[in-house]
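Colleague: Chains as they are written, first to last, in this note's numbering: chain A, 1 to 190; chain B, 1 to 190; chain C, 1 to 190; chain D, 1 to 190.
In short, the hints are calculated from the structure, not lab data.
A couple of the hints might just be wrong.
Same chains, same label: a pair holds when it works inside one copy or across any pair of copies.
[Said to hold, decoys possible] Pairs of lysine-lysine, DSS-like flavour, derived with a Cα cap of 30 Å:
no.: 1; residue 1: Lys145; residue 2: Lys26
no.: 2; residue 1: Lys3; residue 2: Lys73
no.: 3; residue 1: Lys3; residue 2: Lys26
no.: 4; residue 1: Lys133; residue 2: Lys26
no.: 5; residue 1: Lys73; residue 2: Lys145
no.: 6; residue 1: Lys3; residue 2: Lys133
no.: 7; residue 1: Lys145; residue 2: Lys133
As a plain string of letters, each chain reads:
Protein chains: 4
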Amino acid sequence: MSKGRLEAFSDGVIAIIITIMVLEMKAPHGALPSDLGPVIPSFLSYVLSFVFLGIYWNNHHHLLHATERINGKVLWANLHLLFWLSLTVFVTGWLGEHHSAAVPTAVYGVVLFMAAVAYTILVRTLLAAQGPKSRLAAAIGSDFKGNLSLALYASAILLAFVNQWISDAIYVVVVLMWLVPDRRIESRLS
Amino acid sequence: MSKGRLEAFSDGVIAIIITIMVLEMKAPHGALPSDLGPVIPSFLSYVLSFVFLGIYWNNHHHLLHATERINGKVLWANLHLLFWLSLTVFVTGWLGEHHSAAVPTAVYGVVLFMAAVAYTILVRTLLAAQGPKSRLAAAIGSDFKGNLSLALYASAILLAFVNQWISDAIYVVVVLMWLVPDRRIESRLS
Amino acid sequence: MSKGRLEAFSDGVIAIIITIMVLEMKAPHGALPSDLGPVIPSFLSYVLSFVFLGIYWNNHHHLLHATERINGKVLWANLHLLFWLSLTVFVTGWLGEHHSAAVPTAVYGVVLFMAAVAYTILVRTLLAAQGPKSRLAAAIGSDFKGNLSLALYASAILLAFVNQWISDAIYVVVVLMWLVPDRRIESRLS
Amino acid sequence: MSKGRLEAFSDGVIAIIITIMVLEMKAPHGALPSDLGPVIPSFLSYVLSFVFLGIYWNNHHHLLHATERINGKVLWANLHLLFWLSLTVFVTGWLGEHHSAAVPTAVYGVVLFMAAVAYTILVRTLLAAQGPKSRLAAAIGSDFKGNLSLALYASAILLAFVNQWISDAIYVVVVLMWLVPDRRIESRLS
C-alpha cells in the first residue's frame, strides 16, 4: 500500500477545501465602498479557516513524513479526518453570514473539535501500524498541544452561548498556538 | 502508457467529487438551532456519499496497485467509472433536499448501480490487459461482494417506490459491507 | 524544466473542469419523475463535454508521453489549451439550459473550435522544442483528424443558425471519431 | 521536508483557483446574441486573472526548480501567497459584474499587490533557507520587475478613483511585462 498516493489524495482534498471556501465569499451586489462591509465577517472567517487548514496540511505533512508503514485502517482514519475538514466549507460560510450568533459560532467549534479528534485518531492508528519503538513514536512524545486544543474547543463551544466573541478569541488563540510548526517531529527528523 | 498518471488523475477527480459535494449543503439562512434541522438530511446524504466515494477510492487504490499493465481501453473504462461517480454530486444534493421522496431515492440508487457496473467493467478491462495468469487475476477471484451489491442496488431502486426508508437502509447495508477493505487483494499482495 | 509538473498541473486542471461541470446540473426543485425532464438536456450536454474532455486528457497524455523536452513556450501553449477547455464549464451550462437555441449551440462550437486550435498550437510548439527528427515528429505524422475536426466545428457553428440539431449531430460525430485513441502515437510508442 | 509535496500542493491550489474562477461567469438567462453582452466584462476579467495566475504558476515553477532546501517558514510563506491568489476568485467575480466602478477595480489591484508582496516574501524566505552563495541567489539577482510591478499596482489602486480604465490598462501592462518568462532564473539554470 502506497504512502505516496495517500499523501497525494490528502493534499488534493485539502487543496480543494481551502480553495472552494472562497466561493462562500459572495461578490457584493453593489460596487460602493460600503458594499464591502458585509463581506468583512466572511473574509475574516475565511482567513481563520484558511490558517486552520494550513496548519492541518502542515502537520499532516510532518506526520506522514515520519511514517514508514500504512494499512487499511490508516486510509479510513485519514478519510475520517478529511471528512471533518471538508465541513469547514459549510461552517465557514455559515459563520461568515451570522458571525454575531451563538449557534453558528458553536457549530464552527464542533467541526474544529471533531477534526482535532480525527487527527488524534489518525496519529494513534499510524502509531499502531508502525509497531513499538518506531521513529514516529519517538517523534510524537506526549500530545500536550493536541489535548489542550481539544479542551479549548470544548470551552469555545459552550462559551458561544454566553458571548460569541469569547469563542472567536479562543479560535484565534488555538491558531496562534499551532502556527509554530510541530517541533516535536521537526526537531527530531528534519 | 503510464499507470502513475492514471492513478493521479483518478485521485484528483475523486478528491474533487468528494469535496464539492459539500457545496450542496447550503448554509442555513437563519442562525437558530432550529435552522440546522433542514440541513440534517443533506448532512446524512453527504456522509453516505462520502463513505461510498471513500470505498471506491480505497478499492481503486488496491485494484491499480495490483495492476501491471494498462492500455487505451483501461483509460476509457476508468473515465466511465469517474463519470458515474461524478453524478453522485447531483443525486446527493437532490436526495438531501427530498429525502422522503421516492424518485430522488431511486435515482440515487441508479447512480450507485451504474458506478458498480462501471467498476466491474474496469476490473474486466484490467484483467484483459494483464493477460492470463496475472497477479491481478489471482488476487480478484470471484466477485461475490460486487454481484451482491448490484442485486441490492437493484432492489433498492424498486423498493424506493414502496417505502424510501427501505432503500436508505439498503444503501447503508452496502456501505457497511464494503467498509471492510477488499481482503481478496490486500491479503495476497500487501 | 520539468515535464512531470506540467503533466500534473494539466491533469489537475482537466480533472477539476470535468468535475465542476456537474455543478451546472442543478438539482430539481421538485421530486416527481416529471421534474427530471428539464435535467435531461443538461445531462446530455454534460455527457458530451465529459467525453470531449476525456478525449483531450487522453490525447494530452499520449502527446506528452512522446515528448522529451519542454520550454517556456510550451508552458504557455499548454495554459492556452487549458483556458479554452475551462470555458466548456460555461458553455455546457448554457447549452444545457437552452439546448434548442442557435446561439448557445454555436458558442459551444466556438469553444470546441478554439480548444482544437489551441491543441494544434501546443503540438507545433512541442515539435519546435524537440528539434528535427524527434520521436514525437515521427509519431505525429500528418494531422488529418485534427484538421477534419476543425472543419466540422466550423460547419457546426454556421449550421447552428439553420438547425441546431445538425450542429449537435456534428459534435457527436467528432466525439465518435476521436474515441478511437490516437493510434498515430500509440502504435509507434507504446 | 519534501519540496515535491510543496510543489504538488501549490499546483493543486493554483489549478483549482484558475478553474473555479470560471464558475463566476454565470450562464446567461436568455439565448439571444444580445444575452452574451453582459458576459463580456466577466469574460475579460476571467482572461486577465487566468493569465495572472498562469504567470504566478510559471514563476513559482521556476523558483522552486532552483530551490534546494525548504523549511517550515517556506511552507507558511507559500500558503500566504496561495491565500492572496485564492482571493482572485472573489475579486474577478466582483470586477466582472461591476467593471466600470472604482471600488471593485481598486480592490482587484489590492489583491494583485498583496499577491506580489507575498511572492517577494516567499523569495526572501527561500533565499534565507538556502544559505549564502546559493544557486537561487545567483539566479534571482535584483528584483527590478517585481518592484516595478508593486509600484504599478499601487498607482492602479489610486488611479481607479480617477478613471478605472487607466487601472485596467495598468493591469494589462503588468501582465504583458511578465508574459516574458523570468529569464533571470531560466537562463542560468535551464
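Colleague: Which of the listed hints are not met by the structure?
Modeller: 1, 3 and 4
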